[in-house]
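Can you build the whole structure from these sequences, using the hints too?
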Amino acid sequence: MKDNIYHGIHIGEHSFEPAAVMDEIQKRCIEPGMNFVTIRTRKVDVPEEYFYAWAKYLAEHQIYFIFLYTMQNAPEGTYSHLNAKIVKGIQKIAGKYFLGDMIGETGSSFACKQAGYYSHVKHTSMPPQNLPDMEVAARTYISRVKEMVEYDHSIGIEDVITVEATALNNYNMEAGVTMPMLELMCGNPEILVPALRGTARMYHAKLWGTYIAHEWYGGMRHGDILKQKRLELAYKYAYLAGSQAFCLESGDESLESYGQKHEMDHPYCQQ
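Residues in the sequence shown are numbered consecutively from 1, following our numbering.
Everything labelled a hint here was simulated from the structure, so no lab data went into it. Some hints here could point you the wrong way.
[Said to hold, decoys possible] Here are the computed distance ranges between Cβ atoms for each label pair:
1) 85 to 143: 22 to 30 Å
2) 33 to 221: 28 to 36 Å
3) 85 to 226: 42 to 50 Å
4) 4 to 135: 23 to 31 Å
5) 136 to 61: 32 to 40 Å
6) 187 to 91: 16 to 24 Å
7) 19 to 60: 13 to 21 Å
8) 52 to 153: 17 to 25 Å
9) 143 to 27: 20 to 28 Å
10) 135 to 202: 17 to 25 Å
11) 76 to 52: 38 to 46 Å
12) 259 to 78: 33 to 41 Å
13) 42 to 236: 45 to 53 Å
14) 229 to 135: 17 to 25 Å
Where a beta carbon is used, it is the ideal one built from N, C-alpha and C, also for glycine.
Put into structure tokens, the structure is as follows:
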């Protein structure tokens, strides 16, 4: 696995229509020559057959894939979009191309926000606040992440992934995460990338990688000429640092931030 470079895109940043996913994969991943997709489920029911159709389509085109926020956006009355039957079917169809389940930005959700921030979102309520010391805080955080890891393991998913915007990847891996990722430009990459790389080596991670949420970085205008230069620099920096996976988390699907809205065919999204 470490001999591969995974380079791709993220589906579901602003919209998620199960029937349109394969068309998005074709336009945004296959046609540009990429080999990796993150499918971010939303709070809509996904018929079981869609998971199998995606798996078949992706495997036929030799595209590696993971799912994101399957628990946080689980349909009412369920713990996750995924269950043992669906996972077994995906694995049978896609084989090595199904890399695992990403449980999201756990550090940001469970360790770096004040009580009540996004508490209405399933699986993202904060752990107890005002703990007596850092050791208790660390154990509390690890147990929360481990709960999600253990669910994935219980339904047959071997590899659990996080995309971390903080320096908490070591705690994630202690909780059972096997593929740590870093959202590259949230903090100082000069600190966070070496921290991730060292953690991945210490825990013998199968791979480690970087996500680039381009829509949300740099300036308050999408027309900022330096923004595109930062995108190129982020890719090059991650590659030279040894990243094995690269995912453009946002910026190419559409832009719907800072009071602006630009569709996929806009020059800002096409760059």
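We went through each hint and held it up to the structure:
no., hint, result
1, 85 to 143: 22 to 30 Å, "holds, 28 Å"
2, 33 to 221: 28 to 36 Å, "holds, 30 Å"
3, 85 to 226: 42 to 50 Å, "holds, 49 Å"
4, 4 to 135: 23 to 31 Å, "violated, 38 Å"
5, 136 to 61: 32 to 40 Å, "violated, 48 Å"
6, 187 to 91: 16 to 24 Å, "violated, 35 Å"
7, 19 to 60: 13 to 21 Å, "holds, 18 Å"
8, 52 to 153: 17 to 25 Å, "holds, 22 Å"
9, 143 to 27: 20 to 28 Å, "violated, 41 Å"
10, 135 to 202: 17 to 25 Å, "holds, 20 Å"
11, 76 to 52: 38 to 46 Å, "violated, 23 Å"
12, 259 to 78: 33 to 41 Å, "holds, 36 Å"
13, 42 to 236: 45 to 53 Å, "violated, 32 Å"
14, 229 to 135: 17 to 25 Å, "violated, 43 Å"
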